[in-house]
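Using the hints provided, position chains Y and E relative to the given structure of chain B.
The listed protein sequences derive, respectively, from chains B, Y and E. Be aware that the first sequence starts at -2, since it is given in our numbering, and climbs by one per residue. Be aware that the second sequence starts at 25, since it is given in our numbering, and climbs by one per residue. Be aware that the third sequence starts at 2, since it is given in our numbering, and climbs by one per residue.
Calculated from the structure, these hints are not laboratory results. Note that the structure is a prediction, hence the values are computed from the model and not measured.
Now the stretches of chain Y that chain E is said to cover, found in silico as 3 or more residues with beta-carbon under 8 Å:
id	segment
1	80 to 88
2	99 to 106
3	133 to 146
4	151 to 158
5	166 to 172
6	179 to 187
7	198 to 204
Here are the simulated lysine-lysine pairs, PhoX-like style, with alpha carbons at most 25 Å apart:
id	chain 1	residue 1	chain 2	residue 2
8	Y	K137	B	K613
9	B	K441	B	K368
10	Y	K133	B	K613
Cβ coordinates follow ideal geometry from the N, Cα and C atoms, glycine included.
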Amino acid sequence: MENLIALLVAAPLLGAAVLLCGGRRLDRYGHLLGTVLAAASFVIGAVLFFDMLGRGAEERALYQTLFAWVPVEGFQANIAFQLDQLSMTFVLLISGVGTLIHVYSIGYMEHDERRRRFFGYLNLFLAAMLLLVLADNYLLLYFGWEGVGLASYLLIGFWQHKPSAATAAKKAFLVNRVGDIGLSIAIMLMFTTFGTFTFGPVFQELDGAGEGTLNAIALMLLLAACGKSAQVPLQSWLGDAMEGPTPVSALIHAATMVTAGVYLITRSGAIFNAAPDAQLVVVVVGAVTLLFGAIVGCAKDDIKKALAGSTMSQIGYMVLAAGLGPIGYVFAIMHLVTHGFFKAGLFLGAGSVMHAMNDEVDMRKYGGLRKYMPVTFVTFGLGYLAIIGFPGLSGFWSKDKIIEAAFAKGGAEGWILGAVTLLGAGITAYYMTRVMLMTFFGEKRWQPAPAADAATDVEPSADHHPGELPHPHESPKSMTVPMIVLAFGSVFAGALFSFNSSFVHWLEPVTRFEHGHPPVGAAVITTATVVVLLIGAGIAYAQYGRKPVPVTAPRGSLLTRAARRDLLQDDFNHVVLVRGGEHLTRSLVYLDHSLVDGVVNGTAASVGGLSGRLRKLQNGFARSYALSMFGGTAVLIAATLLMRGV
Amino acid sequence: MSAATDSLSLAASDTVALAASTTSTGEAVQFWILGTIAVVGALCTILMRKAVHSALCLAGTMVILAIFYLANGAYFLGIVQIVVYTGAIMMLFLFVVMLVGVTAADSLKESIKGQRWLAALCALGFGALLIAGISRASLGASNGLGTANAGGNVEGLAALIFTKYVFAFEITGALLITAAVGAMVLTHRERTEKAATQRELAERRVREGRHLPPLPAPGVYARHNAVDVAGLLPDGTPSELTVSQTLRARGQVRDVSIEALNDLAALEQRSEDRLGRRPAPAGTARRGRAHEEEKDQ
Amino acid sequence: MNPVNYLYLAALLFTIGATGVLIRRNAIVVFMCVELMLNACNLAFVAFSRMHGNLDGQIIAFFTMVVAAAEVVVGLAIIVSLFRSRHSASVDDASLMKL
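Looking at chain B on its own, in the form it has when it is part of the complex:
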């Protein structure tokens, strides 16, 4: 059975290779091939899943070693896979949601002449992400990690003819590099400390390492996770990544990429458990990002960017939960899976709306779409209910558990974290209700499609008629079916996972689980959560449901304006990093010119001057040389006499 593990990665990898190397003759069937191979990966995953269910809880992990990658004495890196319950969860999520997004893309990218290449990149994305979650050592994980970075770069910049897309891709790539440095340093530290970077041996030898080392490793891992999962302070790339095609956004936000950071922290749970200081930093990062993303999400008028802020916030929940230790890992992953369902559904719905509205992304120019796009409305609405944690839907189950776990942290920390997560839940309800109301309710605020010269700046579309009002219509089957499937997941996944604590029992052998004991009863917390989300939704309804929505955004408060600018994250980066870097570079250049060059040139000049003077001793006259010899002999005799005299 374990021989199938490699096929999980190999199927999409084969698809990527064939599609990217195959050339134009594959244009007609390329998208189908890519989808079939992604589905094949999912089917293999399902087979392995049921096989795994058939074994006892402690014997479920499978291992497969393909070959020795770097067979050096003392540095053994293998291409080896580990498929345990945690990896299995991710495999099913990645390949399942990934396949649905493939299907959706068939319709969404129908009119793009580079569709085959797009599917090649999608397959590459899946392969890299699967490699990441299946690796049995950090080095191979790093390989997949970088592969994800590459694939995200290619996909965000897929419409590279748009300068904004090219810039966004570059930004994502560069910000991710910062995180990758953390991962590589963590791996190096592990190797010098433990002499290996295979998961099992590393986690067994943790006791031998000092707490300082463990904290350093954990913080470096956290830096890596921040890069990939768009956590503060490396969050700035996520909003710009919306420049990519919408299926890419869905894939990045739901199934791949941003989940990698949570996976890394959960996988390295043993290290974080042994490094409480680093764990505290993880919690703080998660809490800050949670609020940060939520506030940004409230202010954005671009539907995709609002959803991006929401993703940032939800990932913040997961990181916070993962930072809580064994009481939180399971819920982090559970929220990750449910989030994968409803966020993918929301993004696909957003894509469907944009598809219908001449690729307009400004929600102020939507409105009243529920009658025109019933399927999209219903699936998007279910996703919306799920993400705000409406009782009974999946988001409710997972988010509520995280809030409980936050309170269960204990002490002042517990109260602060609990309050933050509760507040986050309220803000989530607010901005998601806002999105919902602005898009599907209210009167029509449709605007004519932009002129032809600006058309190059937006996604190519079949029925793009400049100057006309959009006439929204329901999307084709290939797009609606995945949305329906994901809506099912959004509704039932949470309940399924929570039934009889099945998800907890499933993951417990890998991540360990401790039951948290919140200072107040679970029922109180649940009630509080529901109240908070009702308040949030109510405020949003009062602002956007009762009153008409202006087409041009009002100036807004200071906070709103800051949030529209992503809470000044780019300005901060520009001032601190870019300006600082420029000044540093300039001063270094000055140092180089004045000090280093001065020393070098001064040495050269003084040597040259000295040689010029010494050169005069060499006048070509043999008598002069003879004189030097004679004088030298005299000095030698004097030295000899002196030495003998002494």
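Just chains Y and E now, kept in the frame of chain B:
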């Protein structure tokens, strides 16, 4: 020569036998007188402007050194010094000096800045150091060569050369042969073209149209009977062509033209006095003759 | 008189010869000065021979003479060929040993 050596060795044997740690008064007198002359000769060697004078002074110093060798019981070396050094090597020097130009004097002006001062300084320091070293050396008592020269100096040397130093001796022989061959190689010049025959030389002279007849000999209309004095043309001016090319190249032609012209004038005066003729203006007569020559041409 | 005086004389002659090498420009005279230095050495060797009571010093002086003879032959040949090509026997004229 061996007889001379023997007699010298006999003459000096008693002095040598006595000379254990000190020497006889006679030798002391000889040392101070001859040593002074040797130093003066050496100084003259380096101070004389003409190379030939230097060579002669050096030869004198070497002869004195030969006497010192004899006084020190080195009879064979003393004779060799005279025969080989003074007789052969210095003569070789003189040959070369003659070849290069016996009268050419060096300019005593120093061309390298500071060379002379520095050389003097170094020499003073060096000499002082040498003398200090010798004075401080513990040389021990002088043994004298009485026992070593007991069987005769030449025999003693021969015994050493052909036993202890036989390899050095052979190698020295090889060195001499190499030196001789080297000297030949250095001075030999390969002729790269055929030597011109007398006929070719004559034809070239005709072609160039100069000096068809042989060059005039010195002494034609000359007032001095020497090769370095140019012969006079009929009008009394000297012709450098009459002097050897080598002397011309060295600038050793003696110019006697004014003297000669005065002599000529005096001669004509005397002959006119004797013949009782009226003196004709010499300038017009000469000029008239020149005109005639021009007409002839 | 002490035979060491011969050594002083030899030192004096050697120094005079060395000075001559340094200050004279005529290659032949320079060569003569070298010969003077060699002779000074020979005198020292002979004096040493007398002091030590054996003939080894005289042997060395003898070899020095032979070598000096060889050296003179080669050196004068060089001077002659130099004079032939440069029409000068001045050592300063051959000052090509510089950049």
